[in-house]
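Novice: Could you build all of it, start to finish, from the sequences and the hints given here?
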Amino acid sequence: MKFVISLLLTALLSFAGGLYLPWWCIGICAFIVSVLILQPPIRAFLAGFCGVFLLWLIFSWSIDSANDHILSHKIAQIFPLGGISFLLILITSLVGGLVGGFAALSGSYLRSGTKRK
Amino acid sequence: MRIVPFLLSVTVTTVLIIVLSIPLANIPPLGKFLSPQHGFWVNADPVNKDFNEDLNFAQLKNKVEVYLDDRLVPHVFAQNDQDAYFVQGYLHAKFRLWQMEFQTQAAAGRLSEILGNGSNDAILNNDRLMRRLGMVSSAEKAVSEIEKNPVTKAMADAYTAGVNAYIGQLAISNLPIEYKLLNYQPEKWNNLKTGLLLKYMSYDLTGNENDFEYTNAKAVFSKADFGKLYPIRQDSLDPVIPRGTYFDFPAVMPLTPSTADSLYFQWRESADIVDQKPDKDNGSNNWAVDGKKTKSGRPILCDDMHLGLSLPSIWYEMHISTPRFNVYGVTLPGAPMIIVGFNDHCSWGLTNAARDVKDYYEIQFKDDTKQEYLYNGKWERSELRIEQIKLKGGDVMRDTVAYTVFGPVIYDKSFSGSNRVKNGKYYAVRWTAHNPSNDFLFFYQLNAAKTYEEYENSLVHFSNPGQNVVFASKTGDIAIWQQGNFPAKWERQGDFVMPGTDTSYLWQGMIPQKENPHIRNPERGFVSSANQIPVDSTYPYYIGGSYDVYRGLIINRNLRQMNGITPEDMQRLQTDNYNVFAELALPVLLKNVDESQLNAEEKKYLSIVRQWNLRNDPGEKGPVIFINWFDSLESQVWGDELAGIKGVFENPDDATLIEGLMKDSVFKFVDNINTPVTETLKDVVTAAFKKAVPIFVRVDRDDALSWGRYKDTRVRHLLRLPALSRSHVNNGGGIHIINATKQFHGPSWRMIVHLTDEAEAYGVYPGGQSGNPGSKYYDNFIDTWSQGKYNTLWFMKKDQAGDKRIISRLSFSR
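Chains as they are written, first to last, in our numbering: chain A, 1 to 117; chain B, 1 to 814.
Rather than coming from a laboratory, the hints here were simulated on the basis of the structure.
All C-beta atoms in this analysis are idealised placements derived from N, C-alpha and C, irrespective of residue type, glycine included.
Keep in mind that a hint or two might mislead.
[As the list claims (entries may be wrong)] The calculated lysine to aspartate or glutamate pairs, modelled on DMTMM-like cross-linking and capped at a C-alpha distance of 20 Å, are:
| # | chain 1 | residue 1 | chain 2 | residue 2 |
| --- | --- | --- | --- | --- |
| 1 | B | K604 | B | D702 |
| 2 | B | K797 | B | D225 |
| 3 | B | K691 | B | D664 |
| 4 | B | K49 | A | D68 |
| 5 | B | K366 | B | E383 |
| 6 | B | K776 | A | D68 |
[What the hints assert, rightly or not] Sample of chain A residues at the chain B side, in silico, Cβ under 10 Å:
| # | residue |
| --- | --- |
| 7 | F3 |
| 8 | L19 |
| 9 | P22 |
| 10 | A30 |
| 11 | F45 |
| 12 | S72 |
| 13 | G107 |
Specialist: This is how it looks when you write it as C-alpha cells:
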C-alpha cells in the first residue's frame with residue numbers, strides 16, 4: 001500500500017511541479033515523497049522510478065497519439081532510433097524514471113539514517 | 001544515518017541531473033529535451049489543435065479579429081494599419097519565430113554564436129563574409145531611412161511590438177523545437193532585424209556578378225575569344241521589353257576611363273579568388289495577359305519565384321484588411337506587409353532582375369593596418385569597423401573591416417576564407433544594397449494600389465534587389481517595370497575587378513528611375529519576364545550580368561500562341577515541363593553522334609533519348625541522358641581551354657555552346673588543343689556520349705533513370721537535418737524549364753490571379769503555414785505543389801466569419 005501511495009504521490013507531485021519548475025523537479029518530488037513515506041531503499045527506488053516512469057510514459061504516449069506520431073517519428077530519426085516512436089517514448093520514460101528512482105533512493109537512505117538514531 | 005549509501009545515491013542523482021541538463025556535443029540536454037512538460041513533446045501539436053484565443057495588448061488601438069482557415073491562413077481584419085502590422089508581427093512570431101530570427105542571425109553574421117565555427121570554419125567564414133560585405137552597416141542605414149519617415153517608422157515599430165508581444169508571453173517550454181535542439185533562446189525583436197532580413201533577400205538575389213571569374217578568364221583569352229565564351233548577349237534572346245521598343249536619349253552618359261585599356265582590360269594577372277555566391281538560378285517567371293487574350297475578357301497575372309527550397313518555408317500566406325487596403329498574398333516572416341499578391345483592384349508579382357549590381361575594386365593600402373589607402377594620388381583615411389563575432393562557448397573573434405570610398409574591404413590578408421584568397425591583395429566591394437533606401441514605402445503603397453498610376457508611383461521607392469514587377473488591374477491594365485537602383489556603367493564596367501586607386505573607375509551615376517525598362521499594355525497582349533536580359537542592344541545603358549535565355553523564350557512562344565486563356569490554362573503553363581533547350585540542342589547532338597562507334601549498350605541509351613518527347617516529366621528517362629550528354633560535351637569542348645585559367649572561373653553558358661555549334665560548324669573550341677589531331681564535332685559529340693554512358697548504367701542499376709528519381713528534389717530544413725526535411729519529392733521540371741524545379745531549388749510561390757470583379761486566385765508554396773515540425777501544417781502543401789496543383793486562395797469577406805472553412809478565431813483587443 002505504501003508503495004502504491006508513494007508511486008502515485010511522486011507522479012502527482014512531479015506533474016504539478018512540472019507546470020512551474022524546471023524538468024529536474026521530478027528528482028526533488030521523488031526525494032520528498034520518499035522522505036515522507038518511509039520504505040526500504042529498493043522499494044523506495046522502485047516507487048520513485050515507477051512514479052516518474054509511468055507519468056512520463058502516459059504523458060508522452062498521449063501527446064504522441066494526439067499528434068499522430070508526426071514529431072516523435074522525426075525526433076526518433078535524429079536520435080537515431082529508426083524513426084520508431086515507441087522507442088522514443090520508452091527512452092523518455094526511462095530517463096525520467098532513473099532520476100526519480102535515484103532521488104527516491106537518496107530520500108530513503110536519509111530517512112533510514114534518522115530512524116536508526 | 002547511512003552516510004555512505006546516502007552520499008553515494010545523492011551523488012549519483014546529482015550527476016545524473018547535471019549530465020541530463022547540459023548539451024553533449026550535438027546532443028541537446030536530454031532531461032530537458034525529453035521531459036513531456038518541457039522538451040520537444042510540448043511541440044507535438046495535437047492534429048486537431050484548437051487555435052482559438054482571446055488576447056489583450058495595451059499597444060492596440062482597436063479590436064482586431066483574425067480567422068484561421070483550414071489551411072491555417074490568417075485573415076486579419078483590423079481597423080487601422082498599425083494594429084494590422086502589430087498582429088502580423090505577432091502571427092509571424094507565433095508560427096515562424098525560430099526561422100525569422102535564424103535568417104536575421106545569418107544576415108548579421110552571427111551563426112557561429114549558435115552553431116559553432118563549423119567544419120573548416122565554414123560557418124565562421126560565412127559570418128565574416130556577411131560582415132565584410134557590409135550587411136550590418138547597410139541594414140543600419142536602411143533602418144535609419146525607415147525611421148526617418150513617420151509612416152514607415154510607425155509600421156516597423158508596430159510590427160516589432162507585435163513580435164515582442166508574442167516573445168514576451170512565450171514560456172521556455174513552448175519555444176520552437178530548434179531552440180531546444182540547439183539549446184538557446186530568442187532575443188527581443190527590433191527594427192534592425194527586419195532591416196537585416198531585407199538585406200538578406202538583397203544578398204540572395206544579387207549574386208549575378210562574375211568579376212573574379214571573368215578577370216581570371218580574361219588573363220588567358222584574347223578579347224575575341226573572351227567575347228565568344230562570355231558573350232554580352234545571346235542571339236536567341238527574347239528580352240523582357242520586346243525588341244524594337246524605343247528608348248529615350250539617356251540622362252546619364254558614363255565615360256570609359258582613359259586608362260581602361262592599360263589598367264583595366266589589359267590585366268594579365270589572375271585575381272585568384274574562389275568566390276562564395278548565392279545560387280545562380282535564384283530567379284523566377286512572371287507574366288500577365290490582357291483581356292484580349294483571355295476567355296473572360298479580364299487580365300490574368302501569374303507569378304512564380306524560384307528560390308532555395310527550404311523548411312520552414314520562406315513564405316507565409318496572409319490576408320490583411322484595414323480601411324486603407326484589403327490585400328492577400330505571401331509575406332516574409334520577419335517583415336511587415338504583403339510582398340507578392342493581390343488586392344481589391346490589382347495584382348502584382350516579382351522576378352529577379354539578375355543585373356550585376358556588385359563590383360570589386362583592388363585597393364592599395366599604405367600598410368597592413370588598413371588605415372590609409374591610395375586615392376587620387378594621396379593617402380586617404382579609411383574608416384575601420386571592428387566586427388565582434390561571438391563564438392559558441394563564449395569567445396569573441398574581432399574582425400577589422402576597412403571602409404573605403406569604393407566600399408568595405410571584403411577580401412584581404414586576414415580573410416583568406418579557407419584559402420579562398422591566395423594573393424593577399426585587398427579587394428573592396430561596391431554594392432547597390434549599400435545605398436540608403438526606404439523600400440518599405442514601395443510595398444506600403446503597392447499593397448494599397450488601385451490603378452496603374454499608383455503602381456507606377458510606388459515603384460520609385462524600390463531600390464534593391466532589382467526586380468521585374470509585373471502588374472495587372474481590374475480596369476484592364478497590364479504592365480511590367482524592371483525596377484531597382486542600377487548603376488549607369490560604361491561598356492564592360494565591373495565585368496572584371498577594377499583598379500581602386502582613383503575616382504575614374506567609380507560608378508559615375510545611377511540610371512534615372514524613369515529610364516528603367518518598362519512597358520504598359522503592349523500590342524502583343526502580354527508582358528512577361530523570366531530573368532532574361534531586360535532589353536535589346538538599343539537600350540542606352542550597358543547591361544552586364546549573366547542571364548537565363550530559355551525560360552523567357554518558351555514562355556513568350558506559348559503566350560503568343562494562346563488565346564481565350566483561362567486560369568486552368570495558366571496553371572498548365574506555369575507547371576509545364578517542356579524542355580525548349582533540348583528542342584534546340586538535342587538535334588545537334590543526334591545529328592553528330594557517330595553510331596557506328598557505339599556498342600549495343602550505348603545504342604540502347606541512345607535510342608531512349610532519340611525517342612524522348614522533350615518533356616522533363618518525372619517518369620521520363622530522356623532528360624537524364626540528355627543532360628549528362630550535354631554536360632559531358634561541355635567539358636569536352638571547354639575543358640581544355642578553361643584548364644589554362646588560374647583560380648576560379650565560370651563555365652560558359654549552355655546557350656553559348658549550343659549557339660556556337662548551330663551557327664558555326666567548325667566552332668574553334670571543339671578542337672582539343674592538347675592533342676596533335678584536329679577533332680571534329682562528330683568526334684567530340686560521340687566521345688561525350690560514350691563518357692556519359694557509365695553514369696546511365698549506374699543510375700539504371702539503382703532504378704533511378706527516370707527523371708523524378710534522378711533529380712531527387714528535396715525541401716530541406718534550414719539546419720539541413722534530414723529528419724525535419726522532405727526528401728525524394730518525385731516531380732518534374734529542371735533548368736531552362738518553366739517548372740524550374742531542381743534538386744534543392746525551385747518554384748517557391750506559384751500564384752495565378754484572375755482579375756475578375758470577385759478576385760479568383762490560386763497559389764501554392766512547397767511548405768506549410770506552421771514552422772513547427774511537430775505540426776500537421778508544417779509541410780502539408782508539398783504534395784499539392786509537387787503534383788502541379790494549386791490551393792484556391794480565399795479572399796474572405798468580413799461577414800463570412802461563419803464559413804465552414806474557418807477553423808479558429810483569434811481575437812485581439814486592448
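Novice: Indicate, hint by hint, whether the structure satisfies it.
Specialist: Evaluation of the provided hints:
no.: 1; hint: B:K604 / B:D702; result: holds, 17 Å
no.: 2; hint: B:K797 / B:D225; result: violated, 62 Å
no.: 3; hint: B:K691 / B:D664; result: violated, 24 Å
no.: 4; hint: B:K49 / A:D68; result: holds, 12 Å
no.: 5; hint: B:K366 / B:E383; result: holds, 14 Å
no.: 6; hint: B:K776 / A:D68; result: holds, 9 Å
no.: 7; hint: F3; result: violated, 18 Å
no.: 8; hint: L19; result: holds, 7 Å
no.: 9; hint: P22; result: holds, 7 Å
no.: 10; hint: A30; result: holds, 9 Å
no.: 11; hint: F45; result: holds, 9 Å
no.: 12; hint: S72; result: holds, 7 Å
no.: 13; hint: G107; result: holds, 9 Å
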